[in-house]
Amino acid sequence: MAYMPYVHHIGRGFDHLGEYLSPPLPPVAARKRLVDFRVALRAGAPLHTLLPPKLQTWVITPGSPPWTFADHLNDDWFGASGKGAAYIPPTLKDPFQQTGWWFQWEGDANAILRETLLRAVEVALGINHNDPDTTTGPSGPVHSPSSITFIWTCGAPFFQGWLNWRDNAVTVVFTTPGNGKQLYATPRPTDRSPDYEEDTPAVPLDSAYRCGSWVIGQEFTQLFPSPTLVPQGLGQGFLPSSTSKIRTLGKIKVYKPSENDGGVLEIGRP
Amino acid sequence: MSTLAALVEKDVRAGLGEGFDIGGDDVHVLVAVDIDGAERGAIAWEAVAVHTREFAGLEPTGATLKVTGMTIVEDVGSGETGAKFWRVIDWAGVYSQLGVMLNGRSLVPEINR
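Here the protein sequences come in this chain order: G and E. Per this note's numbering, the very first residue in the first sequence carries number 227; after that it's consecutive. Per this note's numbering, the very first residue in the second sequence carries number 12; after that it's consecutive.
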């Protein structure tokens, strides 16, 4: 399984989903795929059954039983509700129970994800939430649906879905709590998969490809841990200046992370 | 109130008071331990404080918090001007009460897989 070493992630799973919901098909056929997805979402089908076929069959870790992408989605992302238990909204008096792997957060990730996908598909189709399920869309010529790109930002206080669009491109951003995974302290990746690339003055990264996801930041990071215990005079040095501090420094660097690190393949995942 | 307890209360009011308002009866001694007679002592304390000024870069929230800590005092006999204060304060609890969140990711220079 990918390790999500950045706060920003697309990776194989979200790239497959984006490709599936942005099919290079004639307009009516492309719209039909999104409409079918919308119908199934509204009918309450479990999300893992709506995934593109390549995700439904993705075995992340072979074994007995194998750990599949559907397992990852249902266990890590959705917690108990993903394992078949009905989601029971907690009351204010209930003890906290973390959802899935989301650090110190409890909530209905499944429902948020589903609603976000539903709204994303509707925006891509150019229809409103209460419009009927039709492949023809608004009156006039039938247009292809907008392309959809999914991005995951990991390290926020809570789980939310964000829809952004301009003209014929929809960008969906999921901001989620951290998942406990380690985070690269610099934009420089340590994964040296063949699809990793580094921009250099002599050989800049190539923007001529169909897909891309680059990270731009300073090359070094310095951490300032909290001060150690020292004796002080009365009232002096009482308040902490803050929690740990971070300084980034050095040259501005541009990297193309590998897909394994949350980047995308240059040809996408058709 | 003992000299030790009075010193710690003054320390809490002076130090914590830079970021918080503390009422007249809002600093409480939980446990007091004398060590080496008048030279050293330890106090576990709690204070009820209102976040009215910038604290650790955070704008005032107006939140009322319970702050707890343990202070060891050296040279108790030297009084306000000479005593030294070793403080262990539950700042994590303070941040939590203010809604400051950890982001659930640990920074590392390399990730070994």
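Honestly, I wouldn't trust all of these hints.
[As the list claims (entries may be wrong)] In silico lysine-lysine, DSSO-like type, Cα no more than 27 Å apart, as pairs:
1) E/77 / E/95
2) G/407 / G/280
3) G/319 / E/77
4) G/309 / G/280
5) G/280 / E/77
6) G/319 / G/407
[Claimed, not checked] Each pair of labels, with its calculated beta carbon distance range:
7) E/121 / G/345: 38 to 44 Å
8) G/442 / E/110: 26 to 32 Å
9) E/59 / G/492: 38 to 44 Å
10) E/63 / G/338: 16 to 22 Å
Worth flagging that the hints you see were computed from the coordinates, not collected in a lab. Here the structure is a predicted model, which is why all the values come from computation and not from measurement. Backbone N, C-alpha and C fix where the C-beta goes; we use that ideal spot for every residue, glycine too.
Each hint tested on the structure:
Proximity of residue 77 of chain E to residue 95 of chain E is assessed by CA-CA distance (about 24 Å); at most 27 Å being required, the pair is judged to hold. About 25 Å separates the Cα atoms of residue 407 of chain G and residue 280 of chain G, which keeps this hinted pair within 27 Å; it holds. Restraint check: the Cα-Cα separation between residue 319 of chain G and residue 77 of chain E comes to about 21 Å, which is no more than 27 Å; the hinted pair holds. About 21 Å separates the Cα atoms of residue 309 of chain G and residue 280 of chain G, which keeps this hinted pair within 27 Å; it holds.
Distance restraint check for residue 280 of chain G and residue 77 of chain E: the Cα-Cα separation of roughly 53 Å exceeds the 27 Å cut-off, and the hinted pair is therefore not satisfied. A distance of roughly 30 Å separates the Cα atoms of residue 319 of chain G and residue 407 of chain G; the hinted pair therefore is violated under the 27 Å criterion. Checked against the given bound of 38 to 44 Å, the beta carbons of residue 121 of chain E and residue 345 of chain G, roughly 39 Å apart, stay inside it. Between residue 442 of chain G and residue 110 of chain E the beta carbon distance is about 31 Å. The supplied range of 26 to 32 Å therefore holds.
The supplied range of 38 to 44 Å is broken by residue 59 of chain E and residue 492 of chain G, whose beta-carbon atoms lie about 59 Å from each other. Range check, residue 63 of chain E to residue 338 of chain G: Cβ separation about 36 Å, and the 16 to 22 Å hint is violated.
Figure legend: structure checked against the earlier numbered hints; hints not met, in rising order: 5, 6, 9, 10.
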